[in-house]
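S.K.: This is what each chain is made of:
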Amino acid sequence: MNTIENFINLSAVLTGYEAIELKPKNDTQQVAQKYFDTLTKNTPVDVLNDLYNTFLNIKGDITDGVLKQILQDATLGQLARNIIQMWYTGIWYGLYPGQMDYVISSTAYTNGLVWKEMGAHPMGFSEGNFGYWADAPQMPVIK
Amino acid sequence: MSNSTKKYDVVIVGAGFAGNVMALELAKAGKKVLMVEGGDPFKSDNREVFMQNFFLAMAKTPESPYPQNYNSPRPSVLDIQNITPNSPQGQNGTNPVKDIATNGYFIEKGPMAFGSTYERVAGGTSWHWLGTCLRLLPSDFRMKTEFGVGVDWPISYDDLSAYYNKAEFEIGVSADVEEQNIHGVTFTPGYKYPMQSLPPTVLDKKFSEKLNGITLDGSIVKVTGTPAGRNSTSNKIDGKIYNNGRRLCQGNTNCTPICPIQAKYDATVTLAKALNTGNVDIMYQTVAYNILIDETTKKVTGIAYKQYETKLGPVTGEGVVTATSYIIAAHAVETAKLLLMSKNKTMPNGIANSSGQVGKNLMDHPVKLSWGLMPESTYPFRGPLSTSGIETTRDGEFRKKRAAYRIEIGNEGWNWTMGAPYSTLTDLVNKNTFGKALRQEIASNFTRQFRIGFLVEQLPGDGYIVPSAIATDNLGLPRPEVHYDLSDYTKAGFEAAVEATNTIFGLLGAKESIESSNPPASRPGSFTYNNKTYFSNGAGHVMGTHRMGATPQDSVTDANMKTWDHDNLYLVGCGTFPTTGTANPSLTMMALAYKATEALLKTL
Ligand SMILES: Cc1cc2nc3c(=O)[nH]c(=O)nc-3n(C[C@H](O)[C@H](O)[C@H](O)COP(=O)(O)OP(=O)(O)OC[C@H]3O[C@@H](n4cnc5c(N)ncnc54)[C@H](O)[C@@H]3O)c2cc1C
Ligand code: SF4
Numbered sequence: 000m001n002t003i004e005n006f007i008n009l010s011a012v013l014t015g016y017e018a019i020e021l022k023p024k025n026d027t028q029q030v031a032q033k034y035f036d037t038l039t040k041n042t043p044v045d046v047l048n049d050l051y052n053t054f055l056n057i058k059g060d061i062t063d064g065v066l067k068q069i070l071q072d073a074t075l076g077q078l079a080r081n082i083i084q085m086w087y088t089g090i091w092y093g094l095y096p097g098q099m100d101y102v103i104s105s106t107a108y109t110n111g112l113v114w115k116e117m118g119a120h121p122m123g124f125s126e127g128n129f130g131y132w133a134d135a136p137q138m139p140v141i142k
Numbered sequence: 000m001s002n003s004t005k006k007y008d009v010v011i012v013g014a015g016f017a018g019n020v021m022a023l024e025l026a027k028a029g030k031k032v033l034m035v036e037g038g039d040p041f042k043s044d045n046r047e048v049f050m051q052n053f054f055l056a057m058a059k060t061p062e063s064p065y066p067q068n069y070n071s072p073r074p075s076v077l078d079i080q081n082i083t084p085n086s087p088q089g090q091n092g093t094n095p096v097k098d099i100a101t102n103g104y105f106i107e108k109g110p111m112a113f114g115s116t117y118e119r120v121a122g123g124t125s126w127h128w129l130g131t132c133l134r135l136l137p138s139d140f141r142m143k144t145e146f147g148v149g150v151d152w153p154i155s156y157d158d159l160s161a162y163y164n165k166a167e168f169e170i171g172v173s174a175d176v177e178e179q180n181i182h183g184v185t186f187t188p189g190y191k192y193p194m195q196s197l198p199p200t201v202l203d204k205k206f207s208e209k210l211n212g213i214t215l216d217g218s219i220v221k222v223t224g225t226p227a228g229r230n231s232t233s234n235k236i237d238g239k240i241y242n243n244g245r246r247l248c249q250g251n252t253n254c255t256p257i258c259p260i261q262a263k264y265d266a267t268v269t270l271a272k273a274l275n276t277g278n279v280d281i282m283y284q285t286v287a288y289n290i291l292i293d294e295t296t297k298k299v300t301g302i303a304y305k306q307y308e309t310k311l312g313p314v315t316g317e318g319v320v321t322a323t324s325y326i327i328a329a330h331a332v333e334t335a336k337l338l339l340m341s342k343n344k345t346m347p348n349g350i351a352n353s354s355g356q357v358g359k360n361l362m363d364h365p366v367k368l369s370w371g372l373m374p375e376s377t378y379p380f381r382g383p384l385s386t387s388g389i390e391t392t393r394d395g396e397f398r399k400k401r402a403a404y405r406i407e408i409g410n411e412g413w414n415w416t417m418g419a420p421y422s423t424l425t426d427l428v429n430k431n432t433f434g435k436a437l438r439q440e441i442a443s444n445f446t447r448q449f450r451i452g453f454l455v456e457q458l459p460g461d462g463y464i465v466p467s468a469i470a471t472d473n474l475g476l477p478r479p480e481v482h483y484d485l486s487d488y489t490k491a492g493f494e495a496a497v498e499a500t501n502t503i504f505g506l507l508g509a510k511e512s513i514e515s516s517n518p519p520a521s522r523p524g525s526f527t528y529n530n531k532t533y534f535s536n537g538a539g540h541v542m543g544t545h546r547m548g549a550t551p552q553d554s555v556t557d558a559n560m561k562t563w564d565h566d567n568l569y570l571v572g573c574g575t576f577p578t579t580g581t582a583n584p585s586l587t588m589m590a591l592a593y594k595a596t597e598a599l600l601k602t603l
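Sequences listed follow chains A and B, in order.
At position 34 of the first sequence (counting the first as 1) the number is 33 in numbering that gives the first Met the number 0, and the numbers step up by one without a gap.
At position 73 of the second sequence (counting the first as 1) the number is 72 in numbering that gives the first Met the number 0, and the numbers step up by one without a gap.
Next comes chain A alone, as it looks inside the complex (with noise of 0.2 Å):
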């Protein structure tokens, strides 16, 4: 149940990305592994066994399934959202008792695909040459 197949099936419709793009076959930054991780560490099983549950269980559309089933749902909700976060700024959001907002790492930091979505670089990471700046970026192609 609680598999990286799932995580990133599911992760893949909450993104927007295809599940390729969010593990690709030659993943050296490991951030999809490192995601799935922190998920799991912070979240309760049986939480988890019900998110992984609802989520092979959608009939129909995809999409307006884990709109309606998951991220509308009390629980399930707050964790989809946690998810969203997690890959677009590298961030855990503390939900549980005891647990802290915090950056997972430098390179889930390096990694948030909200950057990229901006047409930018994560603050403090840039790899663009000098003067980059004097033109609009090559926006990503949302098909």
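Everything labelled a hint here was simulated from the structure, so no lab data went into it.
These numbers were taken from a predicted model, which means no experiment stands behind them.
Positions of the beta carbon are idealized from the N, C-alpha and C atoms, including for glycine.
Take these hints with a grain of salt, some might be off.
Claimed, not checked - Pulled a few chain B residues facing chain A out of the computed Cβ check, cut under 10 Å:
#  : residue
1  : F53
2  : M57
3  : Y156
4  : S160
5  : V201
6  : D203
7  : K204
8  : T232
9  : I257
10 : L384
11 : V428
12 : R438
Claimed, not checked - Now the stretches of chain B that chain A is said to cover, found in silico as 3 or more residues with beta-carbon under 8 Å:
#  : stretch
13 : 240 to 252
14 : 347 to 354
15 : 368 to 380
16 : 497 to 507
What the hints assert, rightly or not - One side of the interface only, derived from the structure: several residues of chain B facing chain A at Cβ under 7 Å:
#  : residue
17 : Q51
18 : F54
19 : L55
20 : P259
21 : G418
22 : P420
23 : Y421
24 : L424
25 : N431
26 : F433
27 : K435
28 : L437
Got chain A sorted already, so can you dock chain B with the ligands onto it with the hints?
M.R.: Chain B with the ligands alone, transformed into the frame defined by chain A:
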């Protein structure tokens, strides 16, 4: 480390922005210098470690890369609180020192919260400065004469011009002379900045297109490239291509809190050169706490220090350093605090304080931020944090009645103002926006975020600092007690900034954010003026606390930054500024440090 046997010409307290320049210049002239630096040592892997701290910090504040050091503590923007008669700051002093991190280093007494911070590590606050290197305007030196407010400086723009050239060369400033000669700023004939102006961003170009040529605050607006202490395309100077050996700016959009590749100048550049001369020794983790005086000659005879080995550890050494002359360059707040702490029988009010002006005239450039959405994408979070601004508003007859400001154009969206993109992402996700719709929202909306900042001038007399009588740091030394306020002169500048915001946003076709136009009254930094609530941010430009002047009666130092009271004691840093003008202060501070060095060298 014991330096008791070696003879030094000069002791410098503080290896920050100002101190390092003086160390290098004195060393180049063959003088033996001993630096006393309270913070942790400067090491080659500092930047890497600091970058990791930054990546992992939840709140990416200016301080976030640099660990708090309880033996050499610094304020943090996270500690800024509202001040009420019973606010916790007052009780802070009785708490154990470990609480500094949560309750703040400053003991704030108000009435206004003080929003500015500094860093106490080798290299000083330059680690997280933005790098803006504007010159002051000629009229900024003559506020009393020109506008009947504040005081005049004991020097003029022309007196500083050649020193500005030197400072710009050492920092490696990228700018364009043609663009900078506004409001009477002149340059040495044939002068070129070491490097060309940085390319403007997409947003900058939009500003130029929509605003150039309009009249604002009585002047015709011209959006110009902001002189920057970061590497751009080199100019040829005296037949040689300028080369400071550092990398070209890659647009990491992170100049504050830390440039990952040192494309931005910081004072460790100059410190490394100073140490390489062989004429400079430095004692790290050594906090100066008492300036000793010969009661008859009034000369400084030594500076007492305490040492430690770890950030929370005990005192591990004490002693006195001596030299022929002494320079205090410990930052505007700490320098004033040190002078006031060094009381003795003949100087009951503290060292260099016969005028009573030490610690007084605490000033900043309180910032009015205005933010919103552009009608189309202008792509923030790319390039240096700021590349252009509007400087034409910095002077005019209106300065008789209200403060001037410069307008900084930010390239970091709503990052400073709202904590974007994190906050804006959370807002979206909380509305259950997800999947491709989320991606589309980010692409079309986040890319329209922008902000401008009005850096408003202050006049002397608004605030002051004293060493706290009750609160101490881990070494047992008093923490700064800060009394800060804005006068109506400055508040009227905020009022004008709101009008200017309306004009600018109107011409850009931009929509101002609700939080920008209606700041909540309850936030630290908020104030009410003519029935309207304003919010002011700190700029980190702390000035005025040991001002220079024409007479010993109303100033702490002369025009060479030598204290009137002690023949061999100099004070350098932004604390020397009699008034603030609207230029970010460090370039002027560095020019003044060259001036002070020249004067000091004549006496050695
Ligand atoms: C966020 C931010 C952005 C800024 N951006 C700009 C900008 O764009 N342009 C600009 O012009 N200015 C800018 N500034 C202001 C600039 O950083 C300061 O003006 C400048 O660093 C002050 O230099 P200084 O040498 O006086 O003090 P510092 O650079 O703070 O150095 C003081 C040194 O003294 C040491 N010290 C302190 N107390 C003791 C003691 N008791 N004993 C021994 N050593 C001691 C400290 O550890 C430190 O190394 C910015 C400031 C901030 C906070
Ligand atoms: S934009 Fe980036 S590379 Fe350029 S100075 Fe700022 S932090 Fe350094």
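S.K.: Next step is simple, just say for each hint if it's right about the structure.
M.R.: For each hint, the structure was consulted:
1. F53: holds, 6 Å
2. M57: This hint holds: M57(B) lies near chain A, its Cβ roughly 5 Å from the closest one there, short of 10 Å.
3. Y156: At about 32 Å, which exceeds the 10 Å cut-off, the nearest Cβ of chain A leaves the hint on Y156(B) violated.
4. S160: violated, 30 Å
5. V201: holds, 6 Å
6. D203: holds, 9 Å
7. K204: holds, 8 Å
8. T232: OK, holds: T232(B) within 10 Å of chain A, min 8 Å.
9. I257: I257(B) check passes; min Cβ-Cβ to chain A is 7 Å, inside 10 Å.
10. L384: Nearest chain A Cβ about 9 Å off; hint holds.
11. V428: Holds. Min distance 5 Å.
12. R438: holds, 4 Å
13. 240 to 252: holds (count 6)
14. 347 to 354: With 0 residues in contact (Cβ-Cβ under 8 Å with chain A), the coverage given for the stretch 347 to 354 of chain B is violated.
15. 368 to 380: Since 4 is at least three, the answer is holds.
16. 497 to 507: violated (count 0)
17. Q51: OK, holds: Q51(B) within 7 Å of chain A, min 6 Å.
18. F54: holds, 4 Å
19. L55: Holds, because the Cβ-Cβ distance from L55(B) to chain A comes to roughly 5 Å (cut-off 7 Å).
20. P259: Constraint on P259(B) satisfied, holds at 5 Å.
21. G418: violated, 11 Å
22. P420: holds, 5 Å
23. Y421: holds, 6 Å
24. L424: holds, 6 Å
25. N431: holds, 5 Å
26. F433: holds, 5 Å
27. K435: holds, 4 Å
28. L437: With a minimum Cβ separation of about 6 Å from chain A (threshold 7 Å), the hint on L437(B) holds.
Taken one by one, the earlier hints fail for this structure at numbers 3, 4, 14, 16 and 21, listed in ascending order.
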